[in-house]
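Asker: If you want the building blocks of each chain, they are given just below.
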Amino acid sequence: MSLIPESIEYHVYNISPILLMSWIVWIIIIGLSFIAIYKYTPVPKGIQGLVEYVLEFIYSMADSIIGSKEHAQPYYPLFVGIFFYIFTGNVLGLIPGMISPTSSINTTLALAIVVFIYYNYQGIRKQKWGYLKHFFGQIDLKTIPSAMKPAMAIFGYVIIPVIELISHLARPISLSVRLFGNIIAKEVLLGILAMLVIVFLGIPNPFIKIMLTLAPLILRPLIIVLGTLVSLIQAGVFLILTIIYIAGAVQMHEEH
Amino acid sequence: MARKLVLVSVVLLNFAVLFAATAAKPEVKTEGAAVKNEQAAAHSVNYFALTVVIAAGALGIAAAGCGLGQGMAVSKAVESISRQPEATGQIQTALIIGLSFIESLVIYVLLIALILLFVNPFMKFFIQ
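Here the protein sequences come in this chain order: A and B. Counting in our numbering, the first sequence runs from 1 upward without gaps. Counting in our numbering, the second sequence runs from 1001 upward without gaps.
It should be emphasised that the hints constitute simulated quantities derived from the structure, not laboratory data. Just so it is clear, the structure is predicted and the values come from calculations on it, not from any experiment. There's no promise every hint is true.
In silico contact screen, one side only, chain B against chain A (beta carbon under 7 Å); selected entries [claimed, not checked]:
1) 1097
2) 1100
3) 1104
4) 1107
5) 1110
6) 1111
Coverage of chain A stretches by chain B, computed from C-beta distances (three or more under 8 Å per stretch; other residues unrestricted) [what the hints assert, rightly or not]:
7) 174-181
8) 232-245
Each pair of labels, with its calculated beta carbon distance range [as the list claims (entries may be wrong)]:
9) 1120/B - 223/A: 23 to 31 Å
10) 1008/B - 14/A: 45 to 53 Å
11) 1101/B - 215/A: 31 to 39 Å
Even glycine gets a Cβ: it sits at the ideal position worked out from N, Cα and C.
All chains, full assembly: derive it from the sequences and hints.
Answerer: In structure tokens, the structure reads:
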């Protein structure tokens, strides 16, 4: 990381630490999946129960936002993958000595671009050319008095697409920057607190040394607890936004 | 309310301008290489000091706005939970989503502040 020098740096040939952490996340997720289905019981318990609980939560959220279970079912794998990857990636950075893979703008931008391309592709696949209707707002020219027709036509077919395009382009940017900013703030804070402990241990005066060292030392576990909450919330927000974007792209407008 | 915001922002702006104005100004001499270097050094100290002040000040203003916004969101959410306790689950979900949207605006400002402090794009003009 260029922003804050980690006291423990990994040099595995030429692989960057962030990439290494990303592989560790995947190893954890795959290991968890294998442990969960190793002894499959119809009444779940143990790790299988935990994983099923999380899956049920994601499925019910997707069902309620997209509308119905048949519409939402094709997209379950993306939701599950995104939620598990982001949550495990964020929590990995809380372990002293590890870096979250999501604390690099490369990872979060990649995730956001995947979501962007995916929902556009699903919208085009489901509605073919009707997908472009999303960009034109919902203006029905027959119900407007004819004196205002040219102005409303310009407003509807020129101005609204520009606004919609900008707001669609802002989606991957805001998704990636939100996740990146939260996680890097937590990482920088933890790193600075660790550095403060090391610096304060070098003060010769024993009384002041103990007093000053206790502050970052006690602060670190508290920030780690707060960081777990923030990691969970950020993963949940990414998931919910993904579901909302896919719902917006895939749903037919039946209100006409 | 708006008057308070205007007053606070005017005061902050005054602080920034005063700080820049009271920094050491290089005297006007005949142009020589050593004098140019001194002037460049003074200008660069000026620029970096001002950048740090602005970064921290911008974060302060962003945090103030975010605090106000999130406070209003939470107060409305708690009020509606007290009105209808059986809708608590949905209200909590909507509250968390809304709070993270408001917070992401502060994260954008934090991103700009981090860029200004650590990988300043204009650093190459000041480092020879």
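Asker: With reference to the structure, classify each hint as holding or not holding.
Answerer: The hints, checked one at a time:
no.	hint	in the structure
1	1097	holds, 6 Å
2	1100	holds, 4 Å
3	1104	holds, 4 Å
4	1107	holds, 3 Å
5	1110	holds, 6 Å
6	1111	holds, 5 Å
7	174-181	holds (count 5)
8	232-245	holds (count 5)
9	1120/B - 223/A: 23 to 31 Å	holds, 27 Å
10	1008/B - 14/A: 45 to 53 Å	holds, 51 Å
11	1101/B - 215/A: 31 to 39 Å	holds, 33 Å
No hint from the list above goes unmet by this structure.
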